[in-house]
Amino acid sequence: MAVNYIYPDYEVARNYDKCINCRVCEKQCANGVHEYLADADKMVADDAKCVNCHRCVALCLTRALKIIKSDNTYRENANWSGKTINELYRQASTGGVLLSSMGNPEPYPVYFDKILINASQVTNPSIDPLREPMETRVILGAKPQVIERDKSGHIINNLPPQLKLSMPIMFSAMSYGSISYNAHESLARAAEELDVLYNTGEGGLHEDFYRYGKNTIVQVASGRFGVHPGYLKAGAAIEIKMGQGAKPGIGGHLPGSKIVGDISRTRMIPEGSDAISPAPHHDIYSIEDLRQLVYSLKTATDFKKPVSVKIAAVHNVAAIASGIARSGADIVVLDGFRGGTGAAPTRMRDHVGIPIELALASVDKRLRDEGIRDRVSVVAAGSIRSSADIVKAIALGADAVYIGTGALLALGCHLCRNCHTGKCNWGIATQVPELTKRLNPDIGYKRLVNLLNAWKHEIKEMMGGMGINSIETLKGNRLMLRGVGLNAKELEVLGIKHAGE
Amino acid sequence: MKRVYVNEKWCLGCRLCEYYCAFAGTSGKDIARSLKGVKINPRIKIEEKDGISFAVSCRHCKEPLCVKGCITGALSVADGVIVVNQDKCVSCYTCVLCCPFGAISTSESGAVQKCELCIKSAADKPACVAGCPNNAIVFEERR
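Each protein sequence line maps, in turn, to chains W and V. So for the first sequence, numbering that gives the first Met the number 0 puts the first residue at 0; every next one is plus one. So for the second sequence, numbering that gives the first Met the number 0 puts the first residue at 0; every next one is plus one.
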């Protein structure tokens, strides 16, 4: 192109006093940013290719590199920001839909950051989790509605299948294909060691990972990739994906270039063919249709596996969740608008859906008002960033949470949000063999285990501070929360009081 | 005895091990200052071809051909670690030719150099292993 309208967002700042020309940065950058000039005996960088993934920064042994935000600026304009202008230029030059990855980065309110947690003083003393037992185990699944007895009056065990987790945290659905084999192995091994669950996503289950079945949720999405009876029976539970928080209302598209080898086999589609997940399930147009799929899956697995239904948090989420609870599903997953993705149209990611905090609070309230809260467990997803977010989510009514972005960060992701390019320098969102080998699962799984164990300790500390010794007692306990800087309507939806009240 | 083992499946060919090795051979405290403008001559080297790479350093063989071949006694085995006394080395390079792994090389002084597992440093593992970002070289006990 004769004229390039767009100046790079980031610049590679190299401290030449520290650079020893070891060329590690050059070898580690899949985007070809760094180059060694033999005649000048120096390293140079092409800022325009940099996606700010920090691979070179992290591996530079002399800390000679850092990435800085470009201070190149357009004339200041509160309406037309530089980002908006550049996006428009990009579309004007390509005619394409803007693509983005990971979660919504726009400055919408983060309600978790406007909610504070209670602690005990004097009365109802706090508990020291290092001295006294503290229960973080949670059990997901529908609870029996009635007590049934046989002819001789003995109680019939009518407990539907349940999922036991050592802590209220699971790894979100991320398909094999969207993330690498090594990333999947890290998640599966961590889930096994921690006694929690990971989720296959919609790409099927690689045959090597069937051995982690008791720690696996197998997903059935609109593309039905890799779904067969053995797959359904392989996991501890089945999840029907109706929607995804990052891109509510649309499906998915894994480009043919990523459908190689094992991925093609696992998804049961030809190599090189695009894996297109339709926006809707073509057989589901009502709660009754959903009920049919729920019962089809239950029948296929002899009623031994709980079935979960995942929806994106959208405007009418409470009514939809109520319908799901009545469809026979055992678990409903709410995915907030900040949830991550391997690729989504930017406008969908940044402008569609609602915050998980509000969705969760309204769903929990609706289900309780209708007297059906115990028919389903509620799982919150969509940017759970810390143990404090988890405590707040549980107090707002969640039984457990899913973490996706957080788990990937533990594996090395630096949120450069370029998953859709397929050139992840951290070996996570890529299928290029030279890149996937950068994520050694022996290291990756350990980092996930560390993260969740750390969060578990923190959850115990926060519960202890509130004088609570069990997750069950915290669940839906909104008196343990107070809002700061929220208006009356926001507090009403969240069902919490303002700080000071 | 603990040795350096190679997991070529995880080697990225980044050559960080070479630089950490070179730095370990200096007495400096700052990598940038020690290696700036220096053409490194590490005792561990990455072999690379057709997308496969791995780090090669002394295996510390139980029956070391290099020690057998050394004509001056410059190479010896101390607690399982094959060490070199550069003062005794007469640069005949018999050991370089004997070593089936190509793990012995020449140093700037002319005497041979080889991996001594960083035994002269206070670190609990060799610098190359400590610096490997992907566990492609490990320091462990194996039978």
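Some hints could be false.
[Claimed, not checked] Label-pair restraints from in silico Cβ distances: (1) W:R89 to V:S106: 52 to 60 angstroms; (2) W:D46 to V:E46: 31 to 39 angstroms; (3) W:H497 to V:S120: 32 to 40 angstroms; (4) W:M267 to V:E139: 34 to 42 angstroms; (5) V:E46 to W:S256: 51 to 59 angstroms.
[Unchecked claim] Chain V is faced by these chain W residues, among others (derived, beta-carbon under 8 angstroms): (6) C21; (7) Q27; (8) N30; (9) G31.
[Said to hold, decoys possible] Some chain V residues flagged as far from chain W (calculated, every beta-carbon gap over 10 angstroms): (10) K28; (11) G50; (12) A77; (13) Q112; (14) S120; (15) D123; (16) N134.
These are computed hints drawn from the structure, not numbers from a lab. Beta carbons are placed, not taken as given, at the ideal position from N, Cα and C, and that holds for glycine.
We went through each hint and held it up to the structure:
no.	hint	result
1	W:R89 to V:S106: 52 to 60 angstroms	54 angstroms, holds
2	W:D46 to V:E46: 31 to 39 angstroms	34 angstroms, holds
3	W:H497 to V:S120: 32 to 40 angstroms	59 angstroms, violated
4	W:M267 to V:E139: 34 to 42 angstroms	40 angstroms, holds
5	V:E46 to W:S256: 51 to 59 angstroms	30 angstroms, violated
6	C21	5 angstroms, holds
7	Q27	6 angstroms, holds
8	N30	16 angstroms, violated
9	G31	16 angstroms, violated
10	K28	12 angstroms, holds
11	G50	7 angstroms, violated
12	A77	30 angstroms, holds
13	Q112	20 angstroms, holds
14	S120	17 angstroms, holds
15	D123	18 angstroms, holds
16	N134	5 angstroms, violated
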